[in-house]
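Student: Sequence:
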Amino acid sequence: MTSTVLGIDISKRDFHVSLLTESRATKPQKFTNNIQGFESLHNWLKKQSVVELHACMEATSIYGEALAEFLYGAGFQVSIVNPARIKGFAKSELLRTKTDSVDAALIARFCAAMKPSLWTPTAPEVKELQAGVATARICERNGYSRTEPFGNSYANCCWTYPCTFGVPRRATKTDQKTD
309 MTSTVLGIDI
319 SKRDFHVSLL
329 TESRATKPQK
339 FTNNIQGFES
349 LHNWLKKQSV
359 VELHACMEAT
369 SIYGEALAEF
379 LYGAGFQVSI
389 VNPARIKGFA
399 KSELLRTKTD
409 SVDAALIARF
419 CAAMKPSLWT
429 PTAPEVKELQ
439 AGVATARICE
449 RNGYSRTEPF
459 GNSYANCCWT
469 YPCTFGVPRR
479 ATKTDQKTD
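The C-terminal residue of the sequence shown carries number 487 in our numbering, and the numbering is unbroken.
To be clear, the hints were calculated from the coordinates, so they are not data collected in a lab.
Each hint can be trusted.
Taking lysine-lysine and the PhoX-like style, the derived pairs with C-alpha atoms no more than 20 Å apart in a straight line are: (1) Lys-335 - Lys-354; (2) Lys-395 - Lys-423; (3) Lys-338 - Lys-406; (4) Lys-354 - Lys-338.
With beta-carbon atoms standing in for the labels, derived distance ranges: (5) Lys-423 - Asn-450: 43 to 51 Å; (6) Glu-436 - Ser-311: 36 to 44 Å; (7) Thr-405 - Gly-440: 40 to 48 Å; (8) Leu-437 - Gly-381: 15 to 23 Å; (9) Leu-403 - Ala-431: 35 to 43 Å; (10) Lys-320 - Trp-352: 15 to 23 Å; (11) Val-441 - Lys-406: 33 to 41 Å; (12) Gln-356 - Glu-448: 44 to 52 Å; (13) Val-434 - Lys-320: 21 to 29 Å; (14) Gly-381 - Glu-436: 15 to 23 Å; (15) Tyr-380 - Arg-321: 20 to 28 Å; (16) Val-441 - Ser-357: 43 to 51 Å.
We put the beta carbon where it would ideally sit given N, CA and C, even for glycine.
I would like the entire structure built from these sequences, with the hints used as guidance.
Tutor: Here it is as structure tokens:
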């Protein structure tokens, strides 16, 4: 694994990063949690002369998924770690301060010391199947029947799975097939 690590503390709206190299740690940076923020992070990493990188973040439901996919697509190593492991590591350092910037630096130190296993993205076909199963569960929970024709209350419950970072959107009438 590479000796340059990036600790990422991510939330719904933004994420904080801390870069550790063999020689130094950078001042924590903040980016928005969207494609523009991902590209800004990538440009910032280029300015830091980063070629190889091991990025590490906590598992935070869906908030970090798009960033992890972006970094993986950019050719970097990515780890997504159980937050309990990070919390235990913080206790071992006797760290009690809890801010986003401090957490990003903590995650970077955790990555450098523990060398967590690498993450790979879920295949698009699997994501599509998972989204379909989730949709069916939601519709069944709300009492909609799968046998009702398209265009009624069941159709209004249905979701489709676009390719844009796994964010579901409502199906529209233009999504219907007409023969």
